[in-house]
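Start from the sequences and build out the full structure, keeping to the hints where you can.
The sequence shown begins at 1 in full-length UniProt numbering and counts up by one.
Since the hints were made in silico from the structure, they are not lab data. Each hint should be verified, as a subset may be incorrect.
[Said to hold, decoys possible] Derived PhoX-like pairs: lysine-lysine, alpha-carbon spacing no greater than 25 Å straight-line:
(1) Lys-183 - Lys-67
(2) Lys-362 - Lys-69
(3) Lys-183 - Lys-68
(4) Lys-183 - Lys-126
(5) Lys-261 - Lys-369
(6) Lys-482 - Lys-67
(7) Lys-183 - Lys-263
(8) Lys-68 - Lys-362
(9) Lys-266 - Lys-362
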Amino acid sequence: MRFNFRLILNLLGLLVLLNGIFIFLCLPFSIYYDENIYHIIISGGITLLAGGLTWFLTLRGLNTELKKKDGYLVVTLGWLTMSLFGTLPFIVSGTIPNFTDAFFETISGFTTTGASILTDIEAAPKGILFWRSLTQWIGGMGIIVLAVAILPILGIGGMQLFVAEAPGITPDKMKPRIKETAKRLWIIYLGLTLLEMVLLMFGGMTFYDAINHSLTTMATGGFSTRNASVAYYDSAYIQYVIIFFMFLAGTNFTITYWGLKGKFRKTFENEEFRNYVYITLGVSFIVSFFVFSSDWQGFERSFRDALFQVVSVITTTGYVTADYTAWTPFITAIFFLLMFCGGSAGSTAGGIKVVRHTLLFKNSFLEMKRQLHPSAVIPVRLNNIAVSREITYNVLAFIMIYLLVYGVGVFLMSFTGIELDTALGAVATCLGNIGPGLGEVGPVDNFSKITPFGKWILSILMLLGRLELFTVLMLFNMHYWKRY
1 MRFNFRLILN
11 LLGLLVLLNG
21 IFIFLCLPFS
31 IYYDENIYHI
41 IISGGITLLA
51 GGLTWFLTLR
61 GLNTELKKKD
71 GYLVVTLGWL
81 TMSLFGTLPF
91 IVSGTIPNFT
101 DAFFETISGF
111 TTTGASILTD
121 IEAAPKGILF
131 WRSLTQWIGG
141 MGIIVLAVAI
151 LPILGIGGMQ
161 LFVAEAPGIT
171 PDKMKPRIKE
181 TAKRLWIIYL
191 GLTLLEMVLL
201 MFGGMTFYDA
211 INHSLTTMAT
221 GGFSTRNASV
231 AYYDSAYIQY
241 VIIFFMFLAG
251 TNFTITYWGL
261 KGKFRKTFEN
271 EEFRNYVYIT
281 LGVSFIVSFF
291 VFSSDWQGFE
301 RSFRDALFQV
311 VSVITTTGYV
321 TADYTAWTPF
331 ITAIFFLLMF
341 CGGSAGSTAG
351 GIKVVRHTLL
361 FKNSFLEMKR
371 QLHPSAVIPV
381 RLNNIAVSRE
391 ITYNVLAFIM
401 IYLLVYGVGV
411 FLMSFTGIEL
421 DTALGAVATC
431 LGNIGPGLGE
441 VGPVDNFSKI
451 TPFGKWILSI
461 LMLLGRLELF
471 TVLMLFNMHY
481 WKRY
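Encoded structure:
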């Protein structure tokens, strides 16, 4: 099967074109805060020109049939291309003049990781910080899914893109047509973002801070406009609002859709959602007990700090209100393990995902039963429905490759001269798209001290984690490039 390279270039041009439009959305903030607007104009202009020309020049004789192999290539190259052009506002404005640092910051945004190299966030121009937050919001649901909603207008089917964007276990579709699914996802995503912004403003946040934090909360990204992250706002109301929306963002959007339609019974019947709730509350109570026992602050504050940090890590958001590495070694170990948990499938969260852990544990326990009854057919069940062996094998393969990539990442990062705890935390947080890690990249530090080689390794891991491994690794399989 041959690749449709003309169509691939056309789609990449469309994505870059959309990227340029998003860059110009930062212009009103630069104007309002009396900043240099030419940085935005130049960056957006270059991006629009490059995307527009690529898209226009590939229109003639375009074959709009998009194969699955083309979809994988478009998704991976799309994320890289978006990140490359996304560095322009940082570089042109001089906020991050170094290309390696600018690319790290940008791909951290688009992959919703939240790992940053900025040492003084509040000193950066407001328009540039808004672009930084916007990259996470775009990446949260995926620029590819946004394009899927537009592609049918252009006469191009988008199913292959959607499958490549969300490989593995496919969440229940709210509508049979992919166009309608993408639209409903974005309506919910946009609506919850606006609702959180309004609630944060009621809590005393400025419009600018509220819109930035809403964008990065719903994206489970964690970029903040403050050096101290959410800890800057010593407000129980603001922190509980952010906790609630982080939890929602880490929930399967199909479940959220059912909840909005009042189908609460159907929501709680979902096994992954129940496990997601149990893990979040169970670990939060354990952590809050130890924090309360070893600290002078009251139980409510201990519970709030514990709940905030647990939800932030499980949903891979990465906001911070307290330094969990400063509590106890036991709690630090808990948070390290949480970095391998992840939110729900079909959410904006990264990580391995709760549903994969659920199937892994079920299959492991059933394997012991199969050993006792080798002739019996004992399938793994999820939501009382038998799961096919193909899905079970997919889960096992994903987790095995995930751990293998993690091990290789730690091995490579150790060559950069950093401490082992820092290497373990940096790789776990970047592969899981979380943000803060351990050691020198912990909740109160950032990634500015990592060497350029280390930043490129972590950038690759962020992309692998965001696209759930197979989409990117597929391109390194020799069979992928063979013609059939």
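Evaluation of the provided hints:
no.	hint	verdict
1	Lys-183 - Lys-67	holds (22 Å)
2	Lys-362 - Lys-69	violated (32 Å)
3	Lys-183 - Lys-68	holds (21 Å)
4	Lys-183 - Lys-126	violated (30 Å)
5	Lys-261 - Lys-369	violated (40 Å)
6	Lys-482 - Lys-67	holds (14 Å)
7	Lys-183 - Lys-263	holds (20 Å)
8	Lys-68 - Lys-362	violated (31 Å)
9	Lys-266 - Lys-362	holds (22 Å)
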